[in-house]
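Asks: Protein chains in written order, with our numbering: chain E, 1 to 211; chain R, 1 to 211.
If you are wondering where the hints come from, they were derived from the structure by calculation, not from laboratory data.
Do not rely on the hints blindly, as some may be mistaken.
Which copy is meant is left open, because identical chains are indistinguishable; a pair holds if it fits in one copy or across any two.
Distance condition first, Cα-Cα at most 30 Å in a straight line; then the derived DSS-like pairs of lysine-lysine [stated by the list, open to error]: (1) K197 <-> K85; (2) K25 <-> K82; (3) K149 <-> K25; (4) K121 <-> K76; (5) K121 <-> K58; (6) K18 <-> K76; (7) K18 <-> K121; (8) K16 <-> K193; (9) K149 <-> K193; (10) K58 <-> K25; (11) K121 <-> K16; (12) K149 <-> K82; (13) K121 <-> K25; (14) K76 <-> K197.
Each chain, letter by letter, is given below.
There are 2 protein chains.
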Amino acid sequence: MSSTLEKARQNPDSMKAKIFLAAKKLFGEYGFHGTTTRMIAQEVGIDISTMHYHWGDKRDLYEAVILDLNERIQYKLNEVEKNVKGESLDIRLEVSIEEMCEYLFSNPCISNLILFRSFTKTREDSSIDKKVPEYISNIAVAMGLAIDKQNITVEAKARVLAVVNAILNFISGENFFREMLDITHEEYVRVVKDTLKFILIPAFSKDKIKN
Amino acid sequence: MSSTLEKARQNPDSMKAKIFLAAKKLFGEYGFHGTTTRMIAQEVGIDISTMHYHWGDKRDLYEAVILDLNERIQYKLNEVEKNVKGESLDIRLEVSIEEMCEYLFSNPCISNLILFRSFTKTREDSSIDKKVPEYISNIAVAMGLAIDKQNITVEAKARVLAVVNAILNFISGENFFREMLDITHEEYVRVVKDTLKFILIPAFSKDKIKN
DNA sequence: ATTTTATTCCATCAAATGATGGAATAAATA
DNA sequence: TATTTATTCCATCATTTGATGGAATAAAAT
Chain E
1 MSSTLEKARQ
11 NPDSMKAKIF
21 LAAKKLFGEY
31 GFHGTTTRMI
41 AQEVGIDIST
51 MHYHWGDKRD
61 LYEAVILDLN
71 ERIQYKLNEV
81 EKNVKGESLD
91 IRLEVSIEEM
101 CEYLFSNPCI
111 SNLILFRSFT
121 KTREDSSIDK
131 KVPEYISNIA
141 VAMGLAIDKQ
151 NITVEAKARV
161 LAVVNAILNF
171 ISGENFFREM
181 LDITHEEYVR
191 VVKDTLKFIL
201 IPAFSKDKIK
211 N
Chain R
1 MSSTLEKARQ
11 NPDSMKAKIF
21 LAAKKLFGEY
31 GFHGTTTRMI
41 AQEVGIDIST
51 MHYHWGDKRD
61 LYEAVILDLN
71 ERIQYKLNEV
81 EKNVKGESLD
91 IRLEVSIEEM
101 CEYLFSNPCI
111 SNLILFRSFT
121 KTREDSSIDK
131 KVPEYISNIA
141 VAMGLAIDKQ
151 NITVEAKARV
161 LAVVNAILNF
171 ISGENFFREM
181 LDITHEEYVR
191 VVKDTLKFIL
201 IPAFSKDKIK
211 N
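Construct the complete structure from the given sequences, taking the supplied hints into account.
Replies: Put into structure tokens, the structure is as follows:
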């Protein structure tokens with residue numbers, strides 16, 4: 001757990017933490033360019049200069065948000081892995097889908113931010129965007145697609161990416177998709193979990209028999 | 001085929017079409033807020049006012065791009081459907097994945113724009129973003145998940161969304177993912193196709209036997 | 001050739017946006 | 001309480017950004 005995460009957890013009522021949370025939410029919804037410093041300040045109910053006082057410039061704040069995000073997702077995945085250790089792959093997938101959905105649905109900005117990073121360019125190129133997330137390798141090992149973290153085939157990584165993205169997509173796309181499906185949030189959560197299980201489990205199932 | 005698409009095809013060398021293409025590319029890469037009118041003008045090599053002369057304001061241009069995109073994806077899907085008509089679902093999926101990948105990899109801005117629409121908010125809310133794409137229903141029918149277009153269950157639509165997003169993700173995320181996988185574009189295309197088939201076919205396979 | 005129309009760019013504006021200095025205020029410390 | 005330190009906001013700046021009027025130029029029509 002690094003300093004960013006620690007600080008935000010240290011005192012969630014601190015102004016610095018409040019600004020951070022507002023930024024996380026807005027960057028997730030509107031992206032880097034879509035979010036203005038004034039939007040963040042207004043969300044917290046403060047002046048922009050107070051924001052600069054605590055976090056420096058917009059880019060610094062954004063990078064802190066991205067770092068925090070990587071830490072949190074890594075932490076959560078480790079947690080899930082512990083919960084499913086020893087089970088069959090089918091069960092592990094099912095439980096992991098369930099738990100990750102619960103987590104991400106209650107923290108939608110996490111998946112928003114990850115997708116933003118993967119799909120969009122930023123005008124000023126930032127070094128932070130080049131950092132490759134490590135959790136993909138961890139998942140590959142946890143799913144039995146590789147023996148050790150250092151030696152993972154391209155195919156295995158690609159399969160993990162497909163799994164991860166399938167989940168993230170449904171979380172981040174809720175507003176858009178739910179309007180298409182015309183259902184409540186609760187129904188959406190249920191449908192997403194079922195759909196993910198339907199799509200993902202057969203591919204990795206050992207007995208190769210579906211349903 | 002509506003006027004937007006026709007016009008762009010009418011004379012691809014016309015200034016209006018050139019501006020349109022540049023806008024499509026840049027909106028796909030940077031999103032609405034990430035793209036400035038000056039970036040578009042510079043890409044074409046003209047003045048901003050020439051852009052305004054042909055397309056009105058930025059929002060008009062963006063909405064034209066979105067409309068065009070819906071028409072193209074719809075058109076392509078109909079084309080693919082014709083090619084696979086009568087085959088088994090397994091074969092249809094395999095061929096569709098192959099053809100859609102070919103198409104989208106050579107027109108990456110299409111998947112970029114679709115994902116942008118699904119995942120991000122725009123500060124000014126636009127009516128265009130509310131329009132629900134019809135192609136999801138068409139695919140559901142084509143995949144045998146529903147009998148007619150008017151009567152499609154939520155589950156069926158959700159499954160189609162999962163399939164479509166799985167494909168779009170890999171196309172739009174190429175830059176990011178390819179750096180992780182450390183492979184060439186050609187290798188990436190191959191891996192993506194194989195991974196999509198690996199993930200998607202077993203879920204829908206009638207004989208429920210994988211490989 | 002002359003007139004009309006269409007196209008393009010230069011100069012410029014107004015608003016939005018990121019950023020900062022310094023005064024005002026609150027909190028902490030001595 | 002007096003002094004120092006930390007925090008917050010107001011006023012303001014410079015730049016970016018979307019947009020426009022009008023001159024200059026090219027193309028078309030007469």
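Asks: Hints first: check each against the structure and report whether it holds.
Replies: Here's how the hints hold up against the structure:
Proximity of K197 to K85 under the C-alpha cut-off of 30 Å is found in both arrangements, the shortest distances being 19 Å within a copy and 28 Å between copies. When the C-alpha separation of K25 and K82 is checked against a cutoff of 30 Å, the pair qualifies only within one copy, where the shortest distance is 29 Å, while the shortest distance between copies is 44 Å. In this assembly of identical chains, the alpha carbons of K149 and K25 never lie at most 30 Å apart, being 32 Å within a copy and 37 Å across copies at closest. Taking identical chains as interchangeable, the C-alpha atoms of K121 and K76 lie at most 30 Å apart whether they share a chain (27 Å) or sit on different chains (27 Å).
In this assembly of identical chains, the alpha carbons of K121 and K58 lie at most 30 Å apart whether taken from the same copy (16 Å) or from different copies (19 Å). Taking the shortest Cα distances, K18 and K76 sit within 30 Å of each other inside one copy (22 Å), while across copies they are farther apart (47 Å). Taking the closest pair of Cα atoms, K18 and K121 come within 30 Å of each other both inside a single copy (27 Å) and across two copies (22 Å). In the homo-oligomer, the alpha carbons of K16 and K193 never lie at most 30 Å apart, since the shortest distance is 35 Å inside one protomer and 45 Å across protomers.
For the homomeric pair K149 and K193, the shortest alpha-carbon distances inside one copy (28 Å) and between copies (24 Å) are both at most 30 Å. In this assembly of identical chains, the alpha carbons of K58 and K25 lie at most 30 Å apart whether taken from the same copy (14 Å) or from different copies (26 Å). Proximity of K121 and K16 under a CA criterion of 30 Å is satisfied in both settings, with 27 Å inside one chain copy and 25 Å between copies. For a Cα distance limit of 30 Å, the shortest separation of K149 from K82 inside one copy, 17 Å, qualifies, whereas the shortest one across copies, 44 Å, does not.
In the homo-oligomer, the alpha carbons of K121 and K25 lie at most 30 Å apart both inside one protomer (19 Å) and across protomers (12 Å), since each shortest distance falls under that limit. Taking CA atoms no more than 30 Å apart as the test, K76 paired with K197 passes in both settings, with 20 Å inside one copy and 29 Å between copies.
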